[in-house]
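**Q** Sequence:
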Amino acid sequence: MSSPRPRLLFVTDLAYQARGRRYCDEDIFLTSRLRHTFDIALCHPLDAAALMGSFDAVVVRNSGPVLHYRAAYDEFRARALADGVRVHNQLTGKGDMAGKQYLLDLYAAGYPVIPTVDRPQDLGRLPEADAYVVKPKLGADSIGLRTVPREELAGLARGDVLVQPHIDFRYEVSFYFVDRAFQYALHAPRTDRRWELERYEPTAADLAFAQRFVDWNTVDHGIQRVDACRAPDGRLLLVELEDLNPYLSLDLLQDHVRDAFVTAMTMSLHRLLGATSSP
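Counting from 1, position 132 in the sequence shown corresponds to residue 129 in the working numbering; the numbering is continuous, with no gaps.
Treat the hints as calculated values from the structure; they're not laboratory data.
Heads up, a few of these hints could be off.
Straight-line alpha carbon distances no greater than 20 Å define the calculated EDC-like cross-link-like pairs of lysine to aspartate or glutamate that follow [as the list claims (entries may be wrong)]:
hint	residue 1	residue 2
1	132	115
2	134	149
3	91	115
4	132	148
5	91	71
6	132	217
7	132	224
8	132	149
9	91	212
10	91	217
With beta-carbon atoms standing in for the labels, derived distance ranges [unchecked claim]:
hint	residue 1	residue 2	range
11	254	127	33 to 41 Å
12	145	178	37 to 45 Å
13	122	12	37 to 45 Å
14	133	177	25 to 33 Å
15	36	124	18 to 26 Å
16	257	213	43 to 51 Å
17	128	75	20 to 28 Å
18	256	147	18 to 26 Å
19	186	142	15 to 23 Å
For every residue, glycine included, the Cβ atom is placed at its ideal position computed from N, Cα and C.
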């Protein structure tokens, strides 16, 4: 008699509306492929905590910004950690999964990050700029983001927001990883159209830049997206380390690259299921 197939609870919000992207299409595709190997049930993030006990693992994918259902997410996270539920992405991430504090920590530690502070007394550490970007520490999807002149910063930098200089970067580029292994890269050649992405062939230096942040993070099982911008001087600077539910833009990939990603994710899930414990 054959062994039962692993049961996955796939957490997604198929109705979530995102600018320039159809999150639901990506998760419909992913589940159609993962279903060859696993028994899968889809659920809304509000239902995850109540349902996860009946499954071998939980996959958190395009579930939308957590700030829209903060209490439910906190309950899910607390119960999953307390009960030893296997979650993909692993709940130990130090990037966006835990808020934006990591940008402050990495900048203070000398990593190549957009200069970032959160207190009035630290504003002097920021380079001079024509304008500054202010965004909530617990923000997502550009919610609450503002661009202001320097004279308005003192009243805004009070610990619950981040302040960064507005950089006239050349373009944005994203690097996608599964279990610390690089998969592919995409970039937005037009700075005013963030989600009009094209394939990008990274250099060895580009990959070393992105790998540094993935290795710094504490996610052994899961998908990470390293978002960066190319500064006017040619350097890459980290914009975001997305380790909770990064959108993958799978529809833009060549078939063989997309197939390789699905294979990598499948193997990642098998490794997670084989782990003795995984937060």
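**Q** Compare the structure with each hint and give your call.
**A** Hints versus structure:
1. 132 x 115: Judged against 20 Å, a Cα distance of about 10 Å means the pair holds.
2. 134 x 149: The hint holds at about 18 Å.
3. 91 x 115: 18 Å, holds
4. 132 x 148: The hint holds at about 16 Å.
5. 91 x 71: 16 Å, holds
6. 132 x 217: Outside the cut-off at roughly 29 Å; violated.
7. 132 x 224: Holds, at about 16 Å.
8. 132 x 149: Status holds; Cα separation ~14 Å.
9. 91 x 212: Status holds; Cα separation ~11 Å.
10. 91 x 217: Distance of about 12 Å is within 20 Å: holds.
11. 254 x 127: 33 to 41 Å: Holds, since residue 254 and residue 127 (Cβ atoms, about 39 Å apart) stay within the stated range.
12. 145 x 178: 37 to 45 Å: For residue 145 and residue 178 the Cβ distance comes to about 40 Å; the hint holds.
13. 122 x 12: 37 to 45 Å: The hint (37 to 45 Å, Cβ to Cβ) holds, given that residue 122 and residue 12 are roughly 42 Å apart.
14. 133 x 177: 25 to 33 Å: At 29 Å between Cβs, range holds.
15. 36 x 124: 18 to 26 Å: 53 Å, violated
16. 257 x 213: 43 to 51 Å: 25 Å, violated
17. 128 x 75: 20 to 28 Å: Violated, at about 39 Å.
18. 256 x 147: 18 to 26 Å: 49 Å, violated
19. 186 x 142: 15 to 23 Å: 22 Å, holds
In summary, the numbered hints that this structure violates are 6, 15, 16, 17, 18.
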